[in-house]
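S.K.: So you can see what is in the structure, the chains are spelled out below.
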Amino acid sequence: MNQPTQSRRDFFARTSDGLLGAALAQMLGADFFGQSATASDDALPPHGSGIYDLTPKPVHHPATAKSVIQLFMNGGPSQMDLFDPKPLLGKMDGQPYPGNVEEIGNTGTSDVGVMLGGKYKFDRHGESGMWMADVLPHTAQMADDLCMIHSMWTDHPNHDNALYKIHSGRLFMGYPTLGAWTVYGLGSENQNLPAYVVLSDPLGLPKNGTRNWTAGFLPPVYQGTPFRPTGSPILNLKPQFDQPDAVTETARDLLKQLDQHHRNDRQYDAQLDARIQSYGLAARMQLSASEALDLSGETAETLSMYGVGAAPTDSFARRCLLARRLVERGVRYVQIFLEEQPWDSHVDLEDNHRAACERTDRPVAALLKDLKRSGMLDSTLVIWGGEFGRTPTSQRSGDLYTGRDHNMQAFTSWMAGGGIKGGTSYGKTDEFGHKVIEDPVSVHDFHATILHALGLHHQKLFFNRSGLEERLTGVQPPRVVHEILA
Amino acid sequence: MRRSAFQFATGVGTLKASGMTLKIAPRPRTGCQRVVVAIAAACTLVLFAMASDVTAAPPMFEDAVEAVLATKCGKCHSGEVQKGELDLSSMTGVRRGGESGDPLLAESIDDSRLWSVIADGEMPPDGEPPLDADERKSIHTWIEAGGHSKVAAESKSETVDQHDVLPILLLRCNTCHGPRIRQAGVDLRSRAAMIAGGKNGPAMIPGDADASPMIRRIESHACPPSESLLKFFVRRPTQAETQTLRQWIDAGAPLAGATLAGATQASDPEPSSRAVADEDRQHWAFQPPVATSRFQSIDAFILDRLAENDLTLAPTADRDTLIRRAHVDLIGLPPSPDEYLFWRDSDDPNWYAQMIDRLLASNHYGERWGRYWLDLAGYADSEGGISADPIRKVAWKYRDYVIRAFNDDKPYDQFLLEQLAGDELVDYQNADTVTDAIVDQLIATGFLRMGIDETGSRTMNFVPERLKVISDAITVVSEGLMGLTMECARCHSHKYDPIPHRDYYRLKAVFQGALDEHDWDSFKTRTLNVATPEHRRKVAEKNPPLEKQIKQLQGQQKQWTADLQLQLLRDHYPDQSEDDNRATLNALKKADNNRTLKQKILVERLVKAELRPDSHQSERVLSLRQQIEDADRQIDRVRRKMAPPLAIRALWDLGRPSPTYVLRRGEHDKPGDPVAAGVPAVLTDQRNPFVVTPPFPDGTAKTGRRLALARWLTNPNHPLTARVMVNRIWHHHFGTGLVKDLENFGVQGERPSHPELLDWLAIEFIRRGWSIKEMHRLIMNSRVYQQSSQVTERAHQVDPQNRLLSHMNLRRMDAEALRDSLLAIAGRLDTTPGGLPDTVSIDRDGLVSANATDGGGWRRSVYLQYRRTEIPTMMDTFDYPQMGPNCLSRNVSTVSPQALMLMNNGRVRELAAAMARRVETIVGDKNSDDDDSNDEATVETVYQLALSRSPSDRERTLGTESLQQLRSAWGDNSAKALETYCHTILNSASFLYVD
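Those protein sequences? They're chains W and B, same order as listed.
Take the first sequence: its letter number 120 is residue 120 in the UniProt record's numbering, and every next letter is one higher.
Take the second sequence: its letter number 320 is residue 320 in the UniProt record's numbering, and every next letter is one higher.
Everything labelled a hint here was simulated from the structure, so no lab data went into it.
A few of these clues could be false.
[To be verified] To spell it out: a stretch of chain W is covered by chain B in this simulated footprint if at least three of its residues, at any positions, have a beta carbon under 8 Å from a beta carbon of chain B; those stretches are: (1) 73-86; (2) 168-177; (3) 201-212; (4) 237-248; (5) 266-273; (6) 312-324.
[As the list claims (entries may be wrong)] The list that follows gives simulated cross-link-like pairs (lysine-lysine, DSSO-like), each with its CA atoms no further than 30 Å apart: (7) W:K238 <-> B:K976; (8) W:K460 <-> B:K137; (9) B:K600 <-> W:K121; (10) B:K600 <-> W:K238.
The model shown is predicted, which means the values in this text are computed figures rather than measured ones.
C-beta: ideal position from N, C-alpha, C; glycine also.
Work out the full structure, taking the sequences as your base and the hints as a guide.
M.R.: Structure representation (structure tokens):
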């Protein structure tokens with residue numbers, strides 16, 4: 001599916017749909033698809049030539065997903081309240097934790113509270129009989145498309161570090177994210193839009209800000225491009241000054257002639273071609289980005305299915321719908337964030353989680369349905385989850401015992417579509433939902449599995465940095481979780 | 001080993017990690033694996049109960065695999081050469097294993113490291129003959145059958161000594177019983193101190209663990225105290241560790257070899273000699289530069305290689321090109337119109353050499369070339385690592401030191417001495433008067449403090465995070481100064497370069513006196529207040545009233561902020577009660593994690609109100625916002641009037657290093673052998689030994705290790721130091737180095753294109769007193785540098801990458817040169833040097849831009865504030881690097897956001913307008929009524945100003961025609977037409993690229 005022979009056709013089908021002319025197709029054709037399309041077994045970085053671009057790259061093995069939508073649930077949703085029911089917690093509610101409290105406390109033991117029963121009612125859903133809490137009625141309808149991974153674990157109980165870890169595989173800042181690695185490895189099928197788009201919440205940036213989509217040491221062309229849902233979607237996309245169209249056209253024409261003149265005297269310098277193209281792309285991006293953002297062509301049925309226009313779903317619904325539109329246009333990786341960290345429920349978990357579910361449940365389910373009915377779910381991998389889970393005990397906050405602390409030892413994430421075995425639950429936690437006891441999935445394993453679905457092998461996807469081969473999944477070999485792949 | 005990776009995957013710890021331990025399995029040890037293994041055992045499943053049921057005649061090592069291992073692995077793992085400290089020539093060696101401590105054989109084939117490295121294709125390494133199918137099969141069969149040998153395993157008696165115990169105590173107990181704090185008077189860093197104990201008697205009774213208070217306290221969890229686990233960033237000893245402590249005490253607390261304190265000062269107990277073969281030393285870069293008598297000029301070396309390929313130099317570039325090239329190259333700015341005309345019209349035959357001298361004497365030179373060094377050091381104005389990304393208040397002093405050093409042409413050897421060991425050059429603690437030189441040398445040590453540092457955070461100050469900071473400093477030194485990649489050796493011996501695992505830790509020991517993970521200063525405590533009397537006087541005189549002003553302004557600002565928030569709430573939620581409004585303000589004072597639901601909702605409402613666009617805000621809100629912003633500027637202005645603070649961000653030796661241990665697989669809780677301070681074994685020989693002597697025997701205690709490193713590095717016989725630096729200089733002049741990878745002179749790096757020239761330059765560099773300016777003169781006065789960038793078809797075919805230098809490379813301006821040139825051409829460059837970095841603003845779209853200075857201009861890009869999370873968008877877009885930890889050569893990307901930036905950004909457009917005004921002024925003098933001739937003069941001036949040349953005929957025609965068209969498109973507005981024309985020229989390839 002990533003073979004340019006095929007995607008080339010798709011691409012031109014897309015780019016010549018009235019927005020862009022045949023001249024463009026010709027211009028792009030020569031340069032963007034000049035690279036060899038054969039997938040090779042050589043462990044070569046995808047950019048052996050030293051040219052870093054977003055042209056489609058061959059996969060390492062046949063892919064089951066060609067794009068990813070990551071619904072990032074910042075703050076750490078509670079596994080035992082949403083997906084991984086632990087009746088024992090209810091029975092022991094209010095009693096002290098029976099084990100060593102030092103294993104629970106993240107900031108010492110003084111604020112470790114008592115056992116806290118699950119806050120919502122659980123039921124089995126779908127043919128698979130998947131457990132889900134009643135605060136997720138819409139997601140529950142899609143149970144048979146989901147694969148719940150109950151055995152996720154990470155290495156740090158702080159938001160900052162756990163976020164670096166879940167996005168870049170490292171506990172520290174400065175490393176490329178999964179999205180950056182993905183577009184480095186695969187390029188993009190649409191050269192008129194960024195390959196890696198971030199849809200952050202108009203209410204504010206998530207914790208760790210723009211570092212959640214950094215290219216780290218990879219060339220900056222692979223970093224996530226935030227699209228703002230209102231106004232101009234990309235920095236500097238629209239002129240920040242007024243000028244008549246005739247002026248813009250004259251200036252553009254002059255520039256083209258000057259650059260061509262400059263180029264003619266320096267005929268062997270390929271970088272000058274790239275530069276001339278970058279100006280062309282910039283101009284076209286102004287059109288495509290605005291078009292992709294325009295929801296006016298969506299039916300009323302679709303809008304209402306997502307919850308566009310209705311409180312409290314509107315904002316998240318718009319981003320989910322936008323994600324579908326972007327993936328449809330060949331964007332490789334879309335990341336959706338919520339502001340700051342709404343899942344972080346140290347107090348009032350019951351209300352906080354309910355509120356977060358109310359904002360996201362309907363749009364998320366609608367996204368899955370929408371992708372499914374258009375057949376796109378088969379090639380789109382949807383990922384839902386946060387940076388860690390929560391503790392079986394409450395966290396003492398003053399004299400309140402109403403929320404849970406961070407838990408790096410177990411959390412639940414789910415995946416759907418893109419070659420994932422739907423209706424499955426994978427991995428087990430102990431009777432408290434506190435630790436993984438079966439089939440642990442590390443963050444590296446999680447990443448390796450996603451790369452695998454995208455047709456990338458974690459070992460072969462590397463970047464040579466100062467003589468070191470850097471990989472998303474680090475030095476120790478991770479495990480692709482084949483059990484969850486269809 | 002996956003299971004074990006599951007438990008301690010990164011080794012980064014929290015209190016909970018111990019909870020992940022699934023099973024504690026004591027592990028059979030051999031003599032060399034030390035008892036430290038016990039720690040590893042705690043996190044390892046039972047892997048090693050070797051097959052006990054002997055079936056019929058299993059294959060034997062001697063018959064089945066010995067020969068294969070000797071043929072295919074023997075080159076690196078034999079009795080003589082032991083890469084990774086591994087000997088595969090005998091069963092004893094196989095049983096002992098290598099430096100990782102992982103068992104080569106195991107209960108199941110999947111857990112056998114010997115098999116996994118073969119199966120994964122990791123070994124033999126690329127370039128060595130692989131194992132064939134039969135060989136793989138015989139090894140597989142042999143391991144699966146239990147890995148038998150005719151030679152029985154020797155049963156060695158276990159010995160436990162201080163080096164098994166000390167790492168445990170350092171990790172678990174040192175904080176309260178070590179160099180900084182001695183709870184109850186107890187110091188647990190040596191046997192003697194343990195016996196001496198504290199106010200409650202001895203802590204340890206040799207021969208009797210049960211009776212030793214330290215064991216009792218550990219086992220009862222009295223120590224470390226539960227409430228201070230996080231406060232002091234420690235975790236309890238594991239059961240296996242406690243077992244080791246017991247074993248040692250019961251055995252009478254034996255000491256092996258050197259005493260504890262001396263352990264790392266003695267020479268290396270087990271030199272790396274076998275891990276580094278003589279053959280390894282033969283690599284070109286590990287041999288000192290060789291003098292040649294063949295040629296004595298750059299041109300001769302280059303022409304020789306060109307001739308071999310039937311090529312020659314391109315003709316010398318025209319004068320305009322040379323003027324622009326030299327200016328951008330040396331000072332990162334175009335010449336002013338007057339300067340341009342001066343050099344263009346000079347009839348002095350020596351004009352070019354004079355121009356180079358003039359540029360080298362300019363203070364802008366240091367701003368340009370110092371920036372390259374700041375990249376190498378990984379300069380940043382913030383700590384990074386955590387969300388808050390705290391500002392590094394006085395990092396700029398190091399930036400100014402570097403710029404000064406380049407402007408003064410400080411000899412490179414002295415420059416390195418100061419940055420690596422400025423604190424060990426003069427005993428500043430006992431100096432009669434503090435001089436400028438002393439202060440400068442201490443500021444210079446900021447070089448080793450530039451990396452990302454999260455250890456100032458309460459929850460990020462564990463040993464692993466500290467080790468990361470140390471490792472970043474080692475990377476800067478090894479890659480930046482030696483062109484060696486050592487990072488791999490942190491976890492295992494380097495696969496390609498002869499850098500054993502042990503050598504990494506020997507180098508780490510060099511820094512242990514100052515960067516000690518067991519004796520750590522966080523960024524809050526690592527400043528020195530060393531200042532000259534003059535400086536102190538100025539601070540005392542000048543600053544108090546200014547500080548008072550700032551406090552006042554901040555107080556006002558706080559009040560306005562509260563007013564603003566209340567106003568927002570009243571405007572947007574007229575129904576919300578005043579009580580709730582007040583409660584919102586109170587809620588803001590609490591950390592977001594600790595807010596109640598109600599508080600969260602209130603805050604969320606406020607945030608929503610704040611985010612409404614300006615058109616939906618009341619006038620009062622807008623004016624309060626303006627007041628607050630103005631106050632920010634005022635505070636900044638007052639701050640700039642103050643004498644600089646006394647604080648210096650330095651690195652200094654504490655004179656009490658804890659011992660350094662090899663960390664198996666780089667994991668902080670898997671210590672191996674102790675090591676002494678040292679440098680890579682492959683680089684040491686009699687001509688340049690590494691000798692450590694404490695520098696002030698009668699003064700302040702310092703280890704002198706970094707001073708030894710600096711002296712060793714700057715010894716003229718060092719094979720790398722001079723070569724790496726001249727190659728860097730060459731790289732910045734030509735766009736590519738003689739050795740392409742600036743950071744990799746190792747075996748895997750590309751060979752130099754002109755090895756003799758590189759050596760000649762290195763020797764000249766040292767001969768000319770390590771003068772960097774002399775190297776510029778040498779290079780820039782060559783014909784090679786002055787040739788045109790025109791490429792012939794033949795050159796393109798024979799040498800498409802231009803490694804032979806048959807022409808000059810066309811280069812894109814980097815972010816700094818581009819931005820500074822834009823400002824200079826627009827006449828908006830404020831050339832004030834040094835001091836506090838200029839602040840930036842972030843607009844609602846996330847666009848980060850520099851704030852203008854008082855004069856309404858902007859200073860050079862090197863003086864902007866580089867907070868890691870707020871890199872100015874213009875810089876970021878044009879490949880300003882992420883410092884992780886540093887950047888040795890920048891990417892040059894060509895992406896559409898750059899086009900969008902130059903085309904659409906409002907600031908760039910403003911600069912184009914300012915340029916247009918300048919052009920009008922210049923042309924105005926010779927104004928005529930004839931539009932056509934005016935346009936010609938305008939085009940000429942625009943080209944001189946922006947591109948330091950005259951337009952070609954075609955460009956002139958295009959220019960005049962466009963001006964006409966633009967005038968009509970703008971409704972006959974000549975001023976606007978000129979702005980657009982200037983804007984277009986600033987977007988053109990001619991501007992962005994330098995020939």
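S.K.: Find the hints from earlier in the document that the structure breaks and name them by number, from lowest to highest.
M.R.: Failing hints, ascending: 1, 6 and 10.
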